[in-house]
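Construct the complete structure from the given sequences, taking the supplied hints into account.
Protein chains in written order, with numbering that gives the first Met the number 0: chain A, 0 to 448; chain B, 0 to 119.
These are calculated hints, taken from the structure and not from any lab test.
The C-beta atom is built at its ideal place from N, Cα and C for all residues, glycine as well.
Be aware that one or more of the hints could be misleading.
[To be verified] Residues of chain A placed beyond 10 Å of chain B at every Cβ, according to the derived structure: (1) L96; (2) K267; (3) Y418.
[As the list claims (entries may be wrong)] No farther apart than 20 Å at their CA atoms in a straight line, the calculated lysine to any residue pairs in the SDA-like style are these: (4) A/K267 with A/D281; (5) B/K78 with A/P60; (6) B/K22 with A/I33; (7) A/K331 with A/S152; (8) A/K421 with A/R320; (9) B/K22 with A/H23; (10) A/K140 with A/D112; (11) B/K79 with A/E107; (12) B/K106 with B/N72; (13) A/K141 with A/E15; (14) A/K369 with A/F306; (15) B/K22 with A/R19; (16) A/K108 with B/E18; (17) B/K78 with A/R320; (18) B/K78 with A/E15.
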Amino acid sequence: MKREDSLIIHVIEDNEWYNRLLIHTLSLNPDYVIRGFHSPMEYFNYKGEPANIITLDYRLPNMNGNQVLQRIKEINPDAEVIIISEQDDINTAVELLKSGAYDYIVKEKEIRDRLLSTVNNIKKSSTLKTRISLLEKEVQKKYDFQSSIIGTSPAIESTNELIQKAIQVSITVTITGETGTGKEVAAKTIHYNSARKNKPFVAVNLSAIPADLIESELFGHEKGAFTGASARRIGKFEEADGGTLFLDEIGEMDIQFQAKLLRALQEKEIVRIGSNTPVKVDCRIIAATHRNLQHEVSAGKFREDLFYRLYGISIELPPLRERGKDVLLLAKHFIETFCHENAIPHKSLSEEAQKKLLSHSFPGNVRELKSVVELAVVMSTGQEIQASEINLNGMDVLNSLMNEELTMKDYEYQILKAYLRKYDDNIKLVAQKLDIGQSTIYRMLKKLR
Amino acid sequence: MENDADKAFNLDELERLSEGDEKFVTEMIGIFINTTQSGLDEIEQSLKKEDFKVVSAYAHKIATPCLHMGALNLHAVLKKIEQTADQTTHRAHLEKLVSEARILTDKLILDLKKLLPDNQ
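If you want it as structure tokens, here you go:
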């Protein structure tokens, strides 16, 4: 009986002696289910379960190995084909590998070891492929429209309509909204429900990349392009080819680089640093920012032509405080997910706890709510989470900090850490908010480390 | 002293491939006898018909098992038949090689049959 982890291997070999030898060699592993065929016709007439691996004699009656290989690839593209030949002919081997054969083994004394090791390698890579495919399905499920965009408030419903539209067409999307409103979740929801869902989703936080490294990060570089470029590296545009490139915090992008980005978006091609050859790229752009880009254009901080280039579907995510009872729907969803992931019995929110959540303004938006409810699940002792077990940021934190009686310097660090957390480590923004220089922040961080 | 190249066959390689399965060794000897004999018959008939392509194909087909059965002399002659038949210009030489293969095969099969139970 075929086991869950067994491999089906078909042997196509017209030489009776070799056919038996290959079947015997492969049958030594009980996980392999082997079936032998003596001609291509016999094989193509077979209507049983398709093989994972096929060993194919190169010289067969009526058809040569290459012709059989092409037909196998047409009817069973997932099967890996190992060509077995009498000739140690490097040109034939290269041609067959180019045509999709997995390996080329010569009928010589080492055939048993070569064959078993090749089958083992295929098994390993097939296990990896299965795991990747499972993970991809899990990610797609996670960002399924129904489970990722939660809420029934009018504010989120109009946003949902736009997200649905963005899913249907491969148009550029700009997502704006306060920090923590779920810009990346919205971008992933669009990607994983769109026609590009089986291709990569690549996210880049532009505020976290120093200005002089942005070009290399996005466009890649050739070996020796600059000091430290010890090997060729492809950039995020090429990584996202066929899929979606999510440019987070695009409002923070250095104005000098904006012209290059505009050119890449217009021409749909990039040039790696140190190269003169343009590389065609096909990726959908989703840009996000917490800033009002139109204001940035007026202030001369964002190129007008780039602004219009990015101007596709514009989605503004509402802050949580404007989403009414969505707070409770989201809280219940986070509790459910957290309990499930941590194998904790399901918990609910008491009426008082619900009131407490509804009365809070959540300046950190959905991200803050998630942290608050997850902590509440951990802290709660019963099946129902009580209001007293919900620790909201703000006054509670401030009071507890004051009780700690820290030094002035320690308080400064606490404030800095809180702001960095709040603004996704965006140093430029934190400097603005605290009205201090960026160099002061770097100095404090250095001492802190 | 007789060296490996002079022996009609050597089953060390087949025994290694069998992983201790004696039934498998016997089965493979039986298949070898049948396929080599019928293959050589095909070679002789095709040579009479001057179908050199078929001569080459059969020589090619039965040569490789000889390698694993340690029948190195027969393997060498069969490879020569394959190459000569591909060129098709040396009929006399080809006939000589096929006769040589017949003598080697008959001797080899006679010896191998002695290893089979009840001398099948």
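Here's how the hints hold up against the structure:
1. L96: The claim stands: A/L96 keeps its Cβ more than 10 Å from every Cβ of chain B (closest is about 22 Å).
2. K267: holds, 52 Å
3. Y418: holds, 69 Å
4. A/K267 with A/D281: holds, 7 Å
5. B/K78 with A/P60: Holds, at roughly 19 Å.
6. B/K22 with A/I33: Status holds; Cα separation ~19 Å.
7. A/K331 with A/S152: Judged against 20 Å, a Cα distance of about 16 Å means the pair holds.
8. A/K421 with A/R320: holds, 16 Å
9. B/K22 with A/H23: Judged against 20 Å, a Cα distance of about 11 Å means the pair holds.
10. A/K140 with A/D112: violated, 42 Å
11. B/K79 with A/E107: holds, 18 Å
12. B/K106 with B/N72: holds, 12 Å
13. A/K141 with A/E15: Not OK: A/K141 and A/E15 at ~52 Å, beyond 20 Å, violated.
14. A/K369 with A/F306: Violated, at roughly 33 Å.
15. B/K22 with A/R19: holds, 13 Å
16. A/K108 with B/E18: holds, 15 Å
17. B/K78 with A/R320: This hinted pair is violated, its Cα atoms lying about 85 Å apart.
18. B/K78 with A/E15: The hint holds at about 19 Å.
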